[in-house]
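Number of protein chains: 2
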Amino acid sequence: MLPRGRPRALGAAALLLVLILIGFFLFGGDLECERREQGGPGSFRCSLTPRVPPDGDLPADHGGCNRSDCVPLRPLPPKCELLHVAMVCAGHNTSRDVITLVKSMLFFRKNPLHLHLVTDAVARNILETLFHTWMVPAVRVSFYDAEELKPQVSWIPNKHYSGLYGLMKLVLPGALPPALARVIVLDTDVTFASDIAELWALFAYFSDEQVIGLVENQSDWYLGNLWRNHRPWPALGRGFNTGVILLRLDRLRQAGWEQMWKLTATQELLTLPATSLADQVWGSLLGGGGQAQGQGEMAVSAQDIFNAIIKRHPGLVLPLPCIWNVQLSDHTLAERCYSEAADLKVIHWNSPKKLRVKNKHVEFFRNLHLTFLEYNGNLLRRELFGCPSPPPPEAEQLQRALAHLSEEDTCLEFRQQQLTVHRVHITFLPHEPPPPRPHDVTLVAQLSMDRLQMLEALCRHWPGPMSLALYLTDAEAQQFLHFVEASAVLSARQDVAYHVVYREGSLYPINQLRNVAMAQALTPYVFLSDIDLLPSYSLYDYLRASIEQLELGSGRKAALVVPAFETLHYHFSFPNSKAELLALLDAGSLYTFRSHEWPQGYAPTDYARWREAQAPYRVQWAADYEPYVVVPRDCPRYDPRFVGFGWNKVAHIVELDAQTHLS
Amino acid sequence: MLPRGRPRALGAAALLLVLILIGFFLFGGDLECERREQGGPGSFRCSLTPRVPPDGDLPADHGGCNRSDCVPLRPLPPKCELLHVAMVCAGHNTSRDVITLVKSMLFFRKNPLHLHLVTDAVARNILETLFHTWMVPAVRVSFYDAEELKPQVSWIPNKHYSGLYGLMKLVLPGALPPALARVIVLDTDVTFASDIAELWALFAYFSDEQVIGLVENQSDWYLGNLWRNHRPWPALGRGFNTGVILLRLDRLRQAGWEQMWKLTATQELLTLPATSLADQVWGSLLGGGGQAQGQGEMAVSAQDIFNAIIKRHPGLVLPLPCIWNVQLSDHTLAERCYSEAADLKVIHWNSPKKLRVKNKHVEFFRNLHLTFLEYNGNLLRRELFGCPSPPPPEAEQLQRALAHLSEEDTCLEFRQQQLTVHRVHITFLPHEPPPPRPHDVTLVAQLSMDRLQMLEALCRHWPGPMSLALYLTDAEAQQFLHFVEASAVLSARQDVAYHVVYREGSLYPINQLRNVAMAQALTPYVFLSDIDLLPSYSLYDYLRASIEQLELGSGRKAALVVPAFETLHYHFSFPNSKAELLALLDAGSLYTFRSHEWPQGYAPTDYARWREAQAPYRVQWAADYEPYVVVPRDCPRYDPRFVGFGWNKVAHIVELDAQTHLS
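Those protein sequences? They're chains X and C, same order as listed. Take the position in the first sequence, starting the count at 1, then add 769; the result is the number in our numbering. Take the position in the second sequence, starting the count at 1, then add 769; the result is the number in our numbering.
Worth flagging that the hints you see were computed from the coordinates, not collected in a lab. Treat the hints with care, as some may be off.
Some chain C residues judged to face chain X by a derived CB distance under 10 Å, without partners named [claimed, not checked]: (1) PHE876; (2) HIS1082; (3) GLY1084; (4) GLU1109; (5) ASN1136; (6) LEU1139; (7) LEU1149; (8) ARG1150; (9) PHE1154; (10) SER1275; (11) LEU1276; (12) ALA1288; (13) SER1342; (14) HIS1365; (15) GLU1366.
Even glycine gets a Cβ: it sits at the ideal position worked out from N, Cα and C.
Only chain X is shown next, with the shape it has when bound in the complex:
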């Protein structure tokens, strides 16, 4: 290597010579290659300094070093250089996609990362909580409000409201901090199969004029010969795919990017006769890679605009090797790329069918994607050696607390579990917040995988909002997702919020789970229940009526006790009324809750009085009491130090009772 102080001229001269000698064997898009004699001990290498492909002369094959006798060497940015990545993310499902993408990125990365996330309120809420609890070293996250950027793109015709988010890629040079000179922009449906630093390193190959690095489209969509009557937007050849973009923000700003793209969009796209635009809709939505189906009103995507600009100014683009955006759509030509390449870098699920797309090698790509869907994200909390990056203050505190624990402590396992900060993914599935109603109640509970089959029954018994914390591994979270999708009962409910708390440690963090579910309840009252408890069919209505009747809302500190019963039978038909319930009790098919093992836990409920009662009555707290209660949402949280079995609820009821005496 060249020592630090050495004049650069010497190394540069050597490389120049290599270039002269062998440069003429190379074609555009090739970065750096090596040829090796089969079996022989030596190696022959062909090398190339950054080279500008001639304006407009887009090579037919963007494979880079994808000939079989030629493998790419790996240039890398300096160790510890901070890499910037921008993504636009809106809604629940896209948030899940982003997390999988980030997992794949973190798995291979060796550099500190700064993620710039343009989000709607839903995605921000989810991702802020996630990254805060994930505590990955050397990852910084900044959020940008998509709502604020909307006016800049909302004038562009778009079929779906969601199409607006796609257009926000265009305004990143203005939206990201002015000091930020370079950024990698990613669609949320890509998966990394290599170190993102290798992609970042391609910035070095930009000529002075180039501002955008893109991979060519791997379908003939923009060539216009895919379907009858199909006339695509203007583009250079197959056009470029915008799933993976290298942006020189500094140069874009200098070049007056905002004006440039707005002018091009107006002149090239919006002025076309309306009839010729009707066909564009689906093709554009499919990012140039999918099937054109149906007709609709006009819609223009960011990809269309990028391509129209590039057609006007071909010198702006640096074509990237195809392996950095292997596009998996139905009509993909990607096989030309990956079957020759030694290595795949990024795969792009750019069909609307996503993982259900059909192509010859989809199993292979699906496996790559599933790898990160199921990957235990806790394992990515690993530091970067030799890159000094102060951990977040919480992580540092935690490390110190953990270091203080004694290995001899018989409660070591408990103390470790108490200190564990679990990764939390709130509203894992699409969720509609309930409309504001003054006496509404959310059922709050927590569960793990083995209680999944309770969910359908619970939904049948409780027609109101629910906030449920699920203690799962990453792989189990995917199983849970499929479980909900396969259930008509569960899919029909938008008012059930599922919050995934990722498993870590050997003890069940019951109160941490309860607190997550409680914190996410959006109604003024919560019913602090258990997953094994099936509410009577009328309970939701009855509770709301009782809250109103008892005027709980008017500053009165009180908890409503819901009497609980249990059966020791596997098969049991649920009572429809208090009369039926009493009959079952008398027949010995039902018992008052835990009356065999833990009578003191429920004694103060006074079941004898309850039998006769026609209206709510007041009960007196006593030691060990742990009833199921309805309380205002802002009531005290559970003590998270209780992990595993025992006392977790008793302690909470003690505190609730103490609070009522304070009032």
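Once you've looked at the hints, dock chain C against the given chain X.
Below, chain C alone, put in the same frame as chain X:
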């Protein structure tokens, strides 16, 4: 790149010039480096053709390109070149380790692999079944019998029988096929964090004289200043670690390797005065990296012998960059390596404490290792694009059958599940086969994660051998392992064989699981039970006595029916005698099995007659009969096409009954 036909001289000349200009800045062990200007668009590269470190001149730092201003480029062998890897593997626990190692290797590999496994009978049985059912494309596995190699190394003093296996690395040049010229030899306690092809590519850097590539030891053990009275074996400096070895087998054979190592071992090690050897024992067993504890008889490891040879013939070794064998022992100096390196390639758990070793960054390394422990091995069944490698015939048949399925078929899910070939890891945990006894019975059952808590009770109720199939994900298999380790009852039993069948698909492959468990039973009889069924305490003895009494062994085709009962109560005290059982039946606490839902399934057992019976009696098969039976081990298998719920056992009993009529 250079085109195929081009004279090589031109490229070589260019590289030579680069070498002359900048070669003098390089130091031994550096392979190829690159320097990049921070933030600038260009790059400066220093390059080096394969270079022989001078004899005996071992560089102080084997870090290769591990300075912060210098990152390694990645040379690779030709695409699709077959890479050879050898490992020595004996016993149950090491087999698990090998699989994790192989998973990490397969995750990053892009080349076809040929694994050469020297195994004992136990490991061969496990790994043959595993690779056969894994069906990974472009992976070939050859087995070599460790028993046959033993005589070649058994004369070397060794403390443990297991130490002999470690010594077998020395005889690989003779044991592997004569046509095999190069091989990578791995300890089973390493984990890959990169593509093994990069390691293979280092063969290109061997000089004509070099035959072994090794990484230096990352502890001061061989320097002899770690403990008082500690005098290590002869070695060059810190010596070399033999966890990762590149072997030029062809040259070793030519050079008379067998004589060389035997002579060195005899002259350098075995002739040392016995007193000075006593201290070696632990250090040697710990691979030069662990703590010396205790004293014992003399033991010499392969590593000791390799180091003694290298001390005599330093020209034989090519020192490899430290990142190819990051050694994680208590006194490791590895931080010097990995904190500077841009990239870690292979980690080596060379402390006897393995993952429980303490060092500053062990969490980081543990996470890397856990990644592959928990990794879904099914996802590694991915083909290598552009490398034509015919899949195993079974895999091809399977592909064809799957392709024939119609998407419209309402039974699609069932048919897919029926065709699924599950990866099978037999005897996942250490297991002692039962001594041969003519009337012995193995309890056979299958379960998934949610029934784990049945195992302890089952062990208490059944003191005999068991063969259990567990349907688990890779991550669950690790949880299961911890579950057994944490249970005194389960850990104490060596006669329970656990066979992991890896999950794939949505339906429970009940009969495939039963067949796996049945095939692995080693006694002449099997009790075909269910995991939810608790045998009466005396059943094991009673069955063996009955088998003897009824002379089942003498060619008589008969099945013994074990009457079953059920309780609908969560809490239940198990009857100790038939009298107690009858009392519970009369009290309504027990029922005859499934008498509520499926009386015909057990009706032919004739429970009324059973009440009165004092001795076994004959029952008559009737439709839908599905009793629990004891049969000879070689009885018909279950029909694997039954997946999910229903008819799976009924069909088997039909076949058993039909077979008795044939006799």
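Cross-check of the supplied hints:
Because the smallest distance between the Cβ of PHE876 (chain C) and any Cβ of chain X comes to about 8 Å, under 10 Å, the interface hint for this residue holds. Because the beta carbon of HIS1082 (chain C) sits about 20 Å from the nearest beta carbon in chain X, more than 10 Å, this interface hint is broken. The criterion of a C-beta within 10 Å of any C-beta in chain X is not met by GLY1084 (chain C), whose closest approach is roughly 16 Å, and the hint is violated. Checking GLU1109 (chain C) against chain X: minimum C-beta separation of about 6 Å stays under 10 Å; hint holds.
About 4 Å separates the beta-carbon of ASN1136 (chain C) from the nearest beta-carbon of chain X, less than 10 Å, and the hint is met. Taken as an interface hint, LEU1139 (chain C) checks out: its beta carbon lies about 6 Å from the nearest beta carbon of chain X, inside 10 Å. A cut of 10 Å between beta carbons decides the hint on LEU1149 (chain C): the least distance to chain X is about 8 Å, and the hint holds. Checking ARG1150 (chain C) against chain X by beta carbon gives a least distance of about 7 Å; that is within 10 Å, so the hint holds.
At a threshold of 10 Å, the smallest CB-CB gap from PHE1154 (chain C) to chain X is about 5 Å, leaving the interface hint in force. Interface hint status for SER1275 (chain C): upheld, as the beta-carbon distance to the closest one in chain X is roughly 8 Å, under 10 Å. With a least beta-carbon distance of about 13 Å to chain X, the hint placing LEU1276 (chain C) at the interface is violated under the 10 Å criterion. Violation of the interface hint for ALA1288 (chain C) is found here, the shortest Cβ-Cβ separation to chain X being roughly 28 Å, above the 10 Å cut-off.
Annotation: interface hint on SER1342 (chain C) violated; nearest CB of chain X at approximately 14 Å, more than 10 Å. A cut of 10 Å between beta carbons decides the hint on HIS1365 (chain C): the least distance to chain X is about 8 Å, and the hint holds. With a least beta-carbon distance of about 9 Å to chain X, the hint placing GLU1366 (chain C) at the interface is held under the 10 Å criterion.
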